[in-house]
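**Q** Once you have looked at the hints, place chain V on chain R.
In order, the protein sequence lines correspond to chains R and V.
Taking our numbering, I'd label the letters of the first sequence as residues 1 to 151.
Taking our numbering, I'd label the letters of the second sequence as residues 1 to 211.
Calculated directly from the structure, the hints in this document are not laboratory data.
Simulated coverage check for chain R against chain V, where a stretch passes if three residues somewhere in it have a Cβ under 8 angstroms from a Cβ of chain V:
#1 11-18
#2 22-31
Partial list, computed: chain R residues near chain V (C-beta under 8 angstroms):
#3 L5
#4 P7
#5 P8
Glycine included, every Cβ here is placed at the ideal spot set by N, Cα and C.
Take a look at the letters that make up each chain.
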Amino acid sequence: MNTGLTPPPERDFPAGRLQQRKEQLVSEIYGAPAAPRQHHPRRILVLAAALAIAGILAAAAYAGYALTRPVTPVVTIGCYESDSLDANTAVLAAGTKSPVTACAAKYASAFPGTQRPAGFAACVLPSGSIGVFPTDTTGDTCKSLGLAEAP
Amino acid sequence: MTSDPYRTEVADHSDRVLWQRAREGDGSAFGALFERHARRIYNYCFRRTGDWALAEDLTSTTFLLAWRSQGHAPLQAESALPLLYGIATNVLRNDRRSVKRRRAAFARLPLERTEEPDFADESPARLDDQAAMRELLRLFSRLPRREQDVVALCDWSGLSYEGAAAALEIPIGTVRSRLARGRRRLRELASTSGPEADVDVVPLRIEVSEQ
Chain R
1 MNTGLTPPPE
11 RDFPAGRLQQ
21 RKEQLVSEIY
31 GAPAAPRQHH
41 PRRILVLAAA
51 LAIAGILAAA
61 AYAGYALTRP
71 VTPVVTIGCY
81 ESDSLDANTA
91 VLAAGTKSPV
101 TACAAKYASA
111 FPGTQRPAGF
121 AACVLPSGSI
131 GVFPTDTTGD
141 TCKSLGLAEA
151 P
Chain V
1 MTSDPYRTEV
11 ADHSDRVLWQ
21 RAREGDGSAF
31 GALFERHARR
41 IYNYCFRRTG
51 DWALAEDLTS
61 TTFLLAWRSQ
71 GHAPLQAESA
81 LPLLYGIATN
91 VLRNDRRSVK
101 RRRAAFARLP
111 LERTEEPDFA
121 DESPARLDDQ
131 AAMRELLRLF
141 SRLPRREQDV
151 VALCDWSGLS
161 YEGAAAALEI
171 PIGTVRSRLA
181 RGRRRLRELA
191 STSGPEADVD
201 VVPLRIEVSE
211 Q
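Isolated chain R (complex conformation) (with noise of 0.2 angstroms):
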């Protein structure tokens, strides 16, 4: 480095993140998740058997778990430009207040240009932490979103 000015040191993908990304893009490039060639086809085929079964499983339990999830504590909050996952997002500490209060007290500041919503929804994220999206007067913008509405 000879400017003088040093970045940060580098850093590893988030755990587990690294394994997610290789099979999304594996999946976009291939259209199925990377699988090794048949070196050994019955053990695979008893591995994929035990997979299929597990996953099969496992997603019966999440969709019974998913609307009634604990929040996980959390040291940040996610505030949604709108009431969608891929809408951009402000990182919020998460304070003494409640996250809604704290959204609605930052969202004009971190999304300058758009209109203030008419109120705030705070809902656990499919990773248990808790993100806040605009809502309309309905209230449905949590169960819209298939996410449990956080305590």
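**A** Chain V only, in chain R's frame:
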């Protein structure tokens, strides 16, 4: 992970061999290339954006575009890194809407999610990284874009002159001259600018401190 003998086998091959196997339809070979180089592209993208989450998306985009643009042909160099750095540099030049569109495309893919929290796992150190990097980028963004590219590749990512030349598809002499100018200009800016640089870096994901 290491219990998979095939995975160990592909990981031992050169980039050129893995690329060729990937071209023949071997998804594991492409996955091995991703595992081998994702960390460096991830950190390069972070240092150009000051945003870890965006860097993650840009890393995926880089590999996808590398494949779509170059997957029809054999890999020319022994290492895929210069190609990946070059594509990442082009991706970083794209406008905000393109990046957002690709993020949405990836988000639509039907994949199971890991159980780690999206936001709770943002360690204080990573938040500090982002703040420090954005401060540096305020200064850095005053350089001409061409000089930013070579300084980021050579000084921040440790790429050789030859590697940077291959990545940017310019002569080595041009890399050297842009690097020298960029370093000099950056030192001058650092010596004359206070911490309140007036050039903004606008990431897709915005950190708002609530202290």
